[in-house]
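Taken in sequence, the protein lines are chains A and B. When you line the first sequence up against the working numbering, it's residues 1 to 112, in that order. When you line the second sequence up against the working numbering, it's residues 113 to 224, in that order.
For the record, the hints were derived by calculation from the structure and aren't laboratory data. Relax, there's no trap hidden among the hints.
With a straight-line cut-off of 30 Å between C-alpha atoms, the simulated DSS-like cross-links for lysine-lysine are:
1) A/K9 <-> B/K219
2) B/K115 <-> B/K219
3) A/K9 <-> A/K71
4) B/K115 <-> A/K57
5) B/K219 <-> B/K164
6) B/K219 <-> B/K181
Chain B regions said to be covered by chain A (calculated; three or more residues, Cβ under 8 Å):
7) 153–161
8) 214–224
Across the chosen pairs, the derived CB separations fall in these ranges:
9) B/L192 <-> A/A2: 17 to 27 Å
10) A/L112 <-> B/S153: 16 to 26 Å
11) B/R128 <-> A/L69: 44 to 54 Å
12) B/T216 <-> A/P61: 19 to 29 Å
13) B/T168 <-> A/A2: 24 to 34 Å
Backbone N, C-alpha and C fix where the C-beta goes; we use that ideal spot for every residue, glycine too.
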Amino acid sequence: NAGVTQTPKFQVLKTGQSMTLQCAQDMNHNSMYWYRQDPGMGLRLIYYSASEGTTDKGEVPNGYNVSRLNKREFSLRLESAAPSQTSVYFCASSERTEETQYFGPGTRLLVL
Amino acid sequence: DAKTTQPTSMDCAEGRAANLPCNHSTISGNEYVYWYRQIHSQGPQYIIHGLKNNETNEMASLIITEDRKSSTLILPHATLRDTAVYYCIVRGLSGGYQKVTFGTGTKLQVIP
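Using the sequences and the hints, build the whole thing.
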């Protein structure tokens, strides 16, 4: 099992560009999450999907959109990237929302 | 969610037991104690969790005090690869999504 995988590992964008971060899990989990991690801020939840077909906002959803493509995949889209979105993005999944979350390796994003 | 308090940093000699404390004095009856670690900006890695009984798995042991106001994560034979930031988290496990709040954690340095 690969667990949770994320692509790309690194990305540099210019302000205003758009991109989609991909996440996939092979654990047959129902719930998936997107977090961002900034120095001194811990992990903050952007969006989550409790089950296929549902998505909900987390703490910091502004500037992002998500798509739960199927049970395995949950993507995060930046429509118009801003320097404030420079961060490390982590995807996670769990059997259900109340169960243990397992994290991917992260995507490092730099917006210039 | 209950707040947790952890020391900022700790050192441990390689091969010795690493004991990482966590205070969670406002924990409520249905909240679990979770431990994750993050090695050099990789994705957080689940270690162990418990409610009130002590727990052990292949990675670590979790000792929770009888009043549940504090706990200790024990790595029985620390290796250099255990150098990481360790996060103690308290979260409920009922009623759907429960926020996972990562604080600043304890930076454990395992010394040769």
